[in-house]
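Work the whole structure out from these sequences, hints included.
Under the numbering used here, the letters of the sequence shown match residues 32 to 192, in that order.
Hints in this document: simulated from the structure, not taken from any laboratory. Warning: the hint list may mix true and false statements.
FRET-style restraints, in silico, Cβ to Cβ [stated by the list, open to error]:
#, residue 1, residue 2, range
1, 87, 37, 25 to 31 Å
2, 157, 115, 24 to 30 Å
3, 119, 139, 46 to 52 Å
4, 139, 183, 21 to 27 Å
5, 173, 81, 25 to 31 Å
6, 97, 137, 14 to 20 Å
Heads up, the beta-carbon is just placed ideally off N, CA and C, and yes, glycines get one too.
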Amino acid sequence: VALDGENVESHLYGLYLAGGHQLVDNHTIVDHRKPHCNSNELYKGVMKDDAAGVFNGKIFVRKDAQKTNAFQQNNNMLLGKKAVIDSKPQLEIFADDVKCSHGSTMGQFNQDALFYLKSRGIGEEKARALLIHAFAFDVTEKIPIPEVQSHINALIEEGLK
Numbered sequence: 032v033a034l035d036g037e038n039v040e041s042h043l044y045g046l047y048l049a050g051g052h053q054l055v056d057n058h059t060i061v062d063h064r065k066p067h068c069n070s071n072e073l074y075k076g077v078m079k080d081d082a083a084g085v086f087n088g089k090i091f092v093r094k095d096a097q098k099t100n101a102f103q104q105n106n107n108m109l110l111g112k113k114a115v116i117d118s119k120p121q122l123e124i125f126a127d128d129v130k131c132s133h134g135s136t137m138g139q140f141n142q143d144a145l146f147y148l149k150s151r152g153i154g155e156e157k158a159r160a161l162l163i164h165a166f167a168f169d170v171t172e173k174i175p176i177p178e179v180q181s182h183i184n185a186l187i188e189e190g191l192k
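Encoded structure:
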């Protein structure tokens, strides 16, 4: 994505759910070329079984792109003992007056949340599904078309089986 005009915004959201021997390989580039631009990038992954995931995101902020705000985040859940993720969020900043951040997280189920749901009579499979939907919500809520959002949520549910 090239932000090639002043006061331009870019929002990138990605969600991937892989299982078995699948490989998901995400590469993004956001290039801030002009001043007063904003970018927000959020990618979330759920890796099951021995699936592998890659997130390689790069944000460039060129020298003339002053007053840039750029944020990049990749969050992942590893649900299989052999599941892996290679997360490489990157910033290349050549301007002085910017607000930029990037980050990556990897983890498993929050056992306290899982215990809480189970103690309320929710079965383990349903509790896990609820937690994965909650994890994905930051991305799925951004889908502006309700029918598409419902379809994506159904695909998540199907992928959990």
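To see whether the hints hold, each was checked on the structure:
Between residue 87 and residue 37 the beta carbons are some 28 Å apart, a value that agrees with the proposed interval 25 to 31 Å. Checked against the given bound of 24 to 30 Å, the beta carbons of residue 157 and residue 115, roughly 27 Å apart, stay inside it. In this structure the supplied range 46 to 52 Å is violated for residue 119 paired with residue 139, their Cβ-Cβ distance being about 21 Å. Taking 21 to 27 Å as the suggested C-beta distance range, the pair residue 139 and residue 183 conforms, at roughly 23 Å.
Taking the beta carbon of each, residue 173 and residue 81 are about 30 Å apart, inside 25 to 31 Å as hinted. Restraint check, residue 97 to residue 137: a C-beta distance of roughly 34 Å breaks the suggested window 14 to 20 Å.
Hint check: violations occur at hints 3 and 6; the rest are consistent with the structure.
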